[in-house]
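**Student:** Read off the chains here:
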Amino acid sequence: MKRFALLFTFLVGGLLLWGSTDFPDWNDPESPASTYVSNLYITQAYEKTHVPNLVSAILADYRNYDTMFETTVVFTAGTAIFLILRLPLGPLARRRNTEHPEAEPQTLPRDPILEMACRVLFPPTHLFGLYVLTHGHYSPGGGFQAGVILGASFILLAIAFDLRATLSRLPEGLFKPLTALGVAFYVGIGVVCLLLGKNFLDYEGLRAIFSGISPQMIRSHGILLVECGVTVTVSAVIFAIYTNLVSRGNHREGL
Amino acid sequence: MTWVLDLFLLLFIAGTAVAALESRCLLTSSIILGAYSFMMCLVYASLGAVDVAFTEAAVGAGAGTVFFLATILRTGRKTSR
Amino acid sequence: MNFIESSFIYWFFVILLMIGLYGAIAKVNLVKKLIGLTIFQTAIILFYVSIGQKKGAGIPILDVGHGHGPPPEITAAQYINPLPHVLMLTAIVVGVATVGVALAVIQRLYAEYGTVEEDEILEMIVTRE
Amino acid sequence: MSDQLIILVVIWPLLAGVFSALMPADHKKLALWGLLNLAVTNLLSLGLVRKVLLEGTIHYQVSGWVPPAGSPHLGIELKASVLSALLSWLIGAVALLGFIGGRSTWKTQIGERLPHFMALLFLLVAAFQGLSLSNDAFNLYVMLEISSLATYGLIAFGGGRAYLATFHYIVMGTIGASFYLIGVGYLYIKTGTLNIGDLAQILSQVELTPAYLLALGFLTTGLLLKMAVFPLHLWLPNAYTYAPASASLLVAPLSTKLAVFLLFRVVNDLFAGRIAGELPQWSFFLVVVASVGILFGTSLALAQRDLKKIFSCLIVAEAGYMLGGLWLTDQRGTVGALFHLVNDAVATLALFLVVVAVVKSVGGRNLNELPGLFQKSPLTAAALILVAFNLIGVPPTSGFFSKATLLTGAVASGRYEFVAALLLASLGNLVIFFRVIEIAYFDKVEDTKVSKDGQLAGALALMTALLLVALGLFSQSIMDIFIRPEVFS
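Residue numbers (the working numbering), protein chains in the order written: chain Y, 1 to 255; chain P, 1001 to 1081; chain B, 2001 to 2129; chain E, 3001 to 3489.
Hints are not guaranteed to be accurate.
Examples of chain E residues lying across from chain B (beta carbon under 7 Å, computed) [claimed, not checked]:
#1 I3170
#2 S3178
#3 E3417
#4 Y3441
Worth flagging that the hints you see were computed from the coordinates, not collected in a lab.
Every residue, glycine too, gets a C-beta built ideally from N, C-alpha and C.
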């Protein structure tokens, strides 16, 4: 296996190096990748959407169909992990459990310094997450990053205190539906655009609701709306994945 | 003189990649993988991809490492290979 | 001479890809396999990001304050190609989702067989039948 | 509203999946909910097929970025040709029949996790629909990954040995998808666009330099991994065997077939007509791989004793048929491969429905548990025989017509090793099914009470198997209307 792996690896590596002989100069402004479609994005995106961060503009407007499915990927992963870890144990595992019963769930003793530090850190982390979400139009950031930061703040809570205490404040019945609702919100905006007579996820359709807004600003607002949906799903899924992975799916013991 | 720093960074990244794969302790491996992710962020950022760097720092180095740690805590951290 | 902004970065991508691919195929420990897979995926992200680079261009965020000023004069040469960045945001998220699912499977394998070494698991499967 | 049909086909199952996760675990209500949504998906797909037949290929710009004439596409484009519309309906129909067939196994295999299980099923349907309708190279990667992630969850749900199989699938599947991504990156470096239509237009005018060849190579290798062609098939047999029945009913018929369809897009749309003229050695190599794969898959199936595993191994062989057909550099080969795709999706569905029915009738799916099947459930036995005819290639089942078209293509391009592999595989299938039917028919058992559950499941399997005969009877018109217009000549 090792020898086969080496052979395969060097084959792939060699082929990739051979391919590089045929590339345009690496940072050439005139290469096809940086001229054909890319120039249109750079020169038109701001004019059409009023979003200075071109990455946000393309991510949540030009290619928002991709982003919708990316959110779905996150939701799918959350659901799959939930399914896998909640399965009943197989016969072999049950036998092992009766032969060597597991020690009581071990948690580290609670540490007042750590807890205090987390108390202090928790609100600014949330605030930063929301800032990253809303300021994604003007600086690096956006729905995914904000979602991960928000999710991470809850993970921090779960690590510093114990998992059960965190779950009593943020119970599974609350964040599990949120994973689905975020995706539903994103798709819902697309459907609203569709019902208002435009193509799916064409934010111009929303102008019928927000009257008196320029076509550029409605795109800007549309981007913010879908990013909110992304944030909800991502933060809930990140926390759900953590709680399930760390407790083998039974939510009894934390890190 | 930035090329010295760049070269050092790239060598260090390749080193951490190998170390993460070859370490005997899975806990060490996953922490090194976190370091690897963080240094990849530096490379992305120096290539001008600030959004990618941000996402990699949050998702790859942050959440990914925590997931690895959670799993290793619940399985085992030693490996003979 | 700048290493990161030259075709040297492509060689570096190939090296990382080879390390990751080797780890994903040859390692026996399942967590190590997954680490190899992660390195493999980051290598591809590096490849895409490096496609976007452009000599003398800045990051793809326009310098227009909070978007209320008059539209500035924009020439394409001023900004780095943003499209590969967008694609890679997607790829990173897909990568971490895959890792999460794989880790869940590893936990179940451990619960079932008491080990995360592939050869030991295969051996137990054979003896069980 | 009818302009929006193409997007509704994708987002209806997506929304259904998302809301399934929120439903309570009530089997009866969820069955109704699933049936309703799949029926709507089918109706939407049928509407799409009708619209495409009347008005020709549909191009749809998601988020409304319609490019001015002569300018490249900025947004993501969906495209429904007659073939992809047909495929979209095929997905809906297979999902519906598989859903009904899997209903009886929910109680024992799925239990209270049903809402999430169903969410993954619907997300998988949505991803499949997206794969068949998208016209953007990167969007196809995202769709591939959703379909893979949902499949991982569904397969791992089988428990026990399914876990290791899933892990292998995750590693192989991710490497495959990443290879596809590298291929797309190479094309992007050289052309600067991701839209398949624009890419094809540029590619038709350039000389095929190393970067293009590598792009083609990586796209093909990645998709071969997803198709599970020998020697990249290692993950498939175990993964499909140990998956829960209602998951394998959806995954097994469609998953590899959509990878075949993507390969068709690469060979036929992106590199239209270039392969026959400029890359004859690639065609030679891949047809040899396909021939070896067919023989290997069939002999692998011969060695198994678990009915479901036999059928899973046959999928590996069938992937070889379609790979070979696509690379024959003959139009008839491609037509045969695509018709075989449709035929094989239905045939695999019928095979796995037979497995469900067999388990219901005789209580197990190992060959030594089969005796008495003919007495206990004659309908299941009839379905088994009919599908066997299809796989062996007996007229009037569609298997005969797809194989005949593949054979004429192979003979016309002088690839006799492929001809030999096809004929030997038919012989191998004959042996496999003769052995199964022999055990099921001649070995007598004491208890010959007709199993009611088995008869019900068998009736559905028989109905699906009869669809194969219908496909066979209409094979010429299906090829003429849906497949030939799409194949580059």
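**Student:** If a hint holds in the structure, say so; if it does not, say that too.
**Tutor:** Quick rundown of the hints versus the structure:
About 5 Å separates the beta-carbon of I3170(E) from the nearest beta-carbon of chain B, less than 7 Å, and the hint is met. Of the supplied interface hints, the one on S3178(E) holds, with its beta-carbon coming within about 6 Å of a beta-carbon of chain B, less than 7 Å. The criterion of a C-beta within 7 Å of any C-beta in chain B is not met by E3417(E), whose closest approach is roughly 30 Å, and the hint is violated. A distance limit of 7 Å between C-beta atoms decides the matter here; for Y3441(E) the minimum to chain B is near 28 Å, and the interface restraint is violated.
Violation of the numbered hints given earlier is confined to hints 3, 4; the remaining hints are satisfied by the structure.
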